[in-house]
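K.L.:
In case you want the letters, here they are:
Protein chains: 2
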Amino acid sequence: MRVSMKFPGEDTGPEGNVRARGYGITCVLEDGQVLEKAAANISVVRGTLSAQRAAAMSSRGRGSIDPKGGQPYAAAAMSLVFHSAHPLIPTLRADVRLFQVGDEAWYGGGCDLTPSYLDEADTQQFHRYWKDACDKYKPELYGELKDWCDRYFYIPARKEHRGVGGLFFDDMSSGEAGFDVEAFVRDVGDGILPSWLPIVERHRDQPFTEAQRNWQLLRRGRYIEFNLLYDRGIKFGLDGGRIESIMVSAPPLIAWKYNVTPQPGSAEEEVMRVLQQPRAWA
Amino acid sequence: MRVSMKFPGEDTGPEGNVRARGYGITCVLEDGQVLEKAAANISVVRGTLSAQRAAAMSSRGRGSIDPKGGQPYAAAAMSLVFHSAHPLIPTLRADVRLFQVGDEAWYGGGCDLTPSYLDEADTQQFHRYWKDACDKYKPELYGELKDWCDRYFYIPARKEHRGVGGLFFDDMSSGEAGFDVEAFVRDVGDGILPSWLPIVERHRDQPFTEAQRNWQLLRRGRYIEFNLLYDRGIKFGLDGGRIESIMVSAPPLIAWKYNVTPQPGSAEEEVMRVLQQPRAWA
Chain A
78 MRVSMKFPGE DTGPEGNVRA RGYGITCVLE DGQVLEKAAA NISVVRGTLS AQRAAAMSSR
138 GRGSIDPKGG QPYAAAAMSL VFHSAHPLIP TLRADVRLFQ VGDEAWYGGG CDLTPSYLDE
198 ADTQQFHRYW KDACDKYKPE LYGELKDWCD RYFYIPARKE HRGVGGLFFD DMSSGEAGFD
258 VEAFVRDVGD GILPSWLPIV ERHRDQPFTE AQRNWQLLRR GRYIEFNLLY DRGIKFGLDG
318 GRIESIMVSA PPLIAWKYNV TPQPGSAEEE VMRVLQQPRA WA
Chain B
78 MRVSMKFPGE DTGPEGNVRA RGYGITCVLE DGQVLEKAAA NISVVRGTLS AQRAAAMSSR
138 GRGSIDPKGG QPYAAAAMSL VFHSAHPLIP TLRADVRLFQ VGDEAWYGGG CDLTPSYLDE
198 ADTQQFHRYW KDACDKYKPE LYGELKDWCD RYFYIPARKE HRGVGGLFFD DMSSGEAGFD
258 VEAFVRDVGD GILPSWLPIV ERHRDQPFTE AQRNWQLLRR GRYIEFNLLY DRGIKFGLDG
318 GRIESIMVSA PPLIAWKYNV TPQPGSAEEE VMRVLQQPRA WA
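Going down the list, the sequences are from chains A and B. Everything in the first sequence is counted per this note's numbering, starting at 78 for the first residue and increasing by one. Everything in the second sequence is counted per this note's numbering, starting at 78 for the first residue and increasing by one.
Looking at chain A on its own, in the form it has when it is part of the complex (with noise of 0.2 Å):
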């Protein structure tokens, strides 16, 4: 096991045409028993808008930012993933995050699994654990994040979702929102490690076959190509972020094999029809 942390307290470069000040702390364990990678970021930054990070705020509907720039912001972030040694025990990832400008503030977060064989008590715990936590909100609130999340996690070019997904948002505020959504994403930070322990509780004593072990490495060819194809928050990170705090959400070891495809009434095939096609679980 190895663990590593780093506090830079640096300067996180350039932001448009002003220089944004902040610090992160990544914190990373390598080669644990049931976690085989574990790796949580967080970081704070303040800086200035450019105008055109402001106009393409502005344009998703941030209404009160000034599409010509200018304003000082504030950002914060924790984001987290856990790569399990153990096939059975899927992927977690999850991140809370805060952007302000003057008086307003814009919340994202989420919390979603990415199995590589599908247990449907697992799914269905996980999904209830977070309709219950949206349910104290708003009735509809669940099912909203949940379609979210099924719409971000995909890959287009798999015709695939990376996982079974969970709850997904960005841009929310408690003016558009009607419910106070600051105590809700600390809800959503409070909640990730009980969502999520039940099912490693359930399956870390459980033996498993060199042959499930060699899927899980296929199937975390997957959630690279999702990372590096597609992530939103990766992409934006690229430009002049930390790189590896960005690329620690890799998992520790991937596979690639050409053109596998699961055997008919396999349990690898059950997995790969639900990331065809989600379900209902809540």
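You can take every hint at face value.
Identical copies look the same in the list; a pair holds intra-copy or inter-copy alike.
Restricting the straight-line Cα-Cα distance to at most 20 Å, the calculated cross-link-like pairs of lysine to aspartate or glutamate (EDC-like) are:
(1) 208 / 197
(2) 334 / 107
(3) 334 / 321
(4) 208 / 224
(5) 208 / 257
(6) 215 / 264
(7) 213 / 247
(8) 334 / 108
(9) 236 / 316
(10) 236 / 321
(11) 208 / 221
(12) 213 / 257
Derived from the structure by calculation, the hints contain no laboratory data.
Fit chain B to the given chain A structure using the hints.
P.N.:
Same frame as chain A, now just chain B:
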């Protein structure tokens, strides 16, 4: 060892407003003793230029192409990659391609080396081979295509080149180049194996350590980062192409570790230095 072939004779999907007709062969060898993965793609496509594609080509200096589109075209490409099981044998990537509109033909291609460890004799031999091949056509050709290769296979987020280079070129026509480009491209195709096999022969029976193998798996992470984040051919192919034929270039097994920094004076540091600062080799 597993050898797969696909010869679909299939419709390659939408290209702008019209559908192009074409076929492809993908041939893969997996788990070979020397070649952990070897893959070759051949594709031949005929279609009608869309306005979008014609405008892009015309602006890239193909002056005889009508930017409004509508002209028939033909395209053919052969590409291959050899990922060695041995960490002292570099990855070889090569391709030749042709794009034809009316009586005019534009060629592209290249051949480049991605080692995990720097072997100066290998690298010199490889570059000298390609310099000799270029010198038959134009004295400054090798230097131009060597520099093009260094520029193309670059990972800005890492400030690293993917490998030690070779040749890379695109949009080359006999009219502009002032020599017989078709003959040159045939020489490139014929030279791929002779430029690489002596390197394989020198190393294939050398012993290697687990640490060297692990370093190779980490370096393959950079290979896939380049392919998925930056490679133009892959981005183009993902837009309607056959995904398994595109992703066949992926290394068979890849590892990521956080913030790996080679020891000063180590062989791992030596290769990093040349990836950060390309050298003259021929």
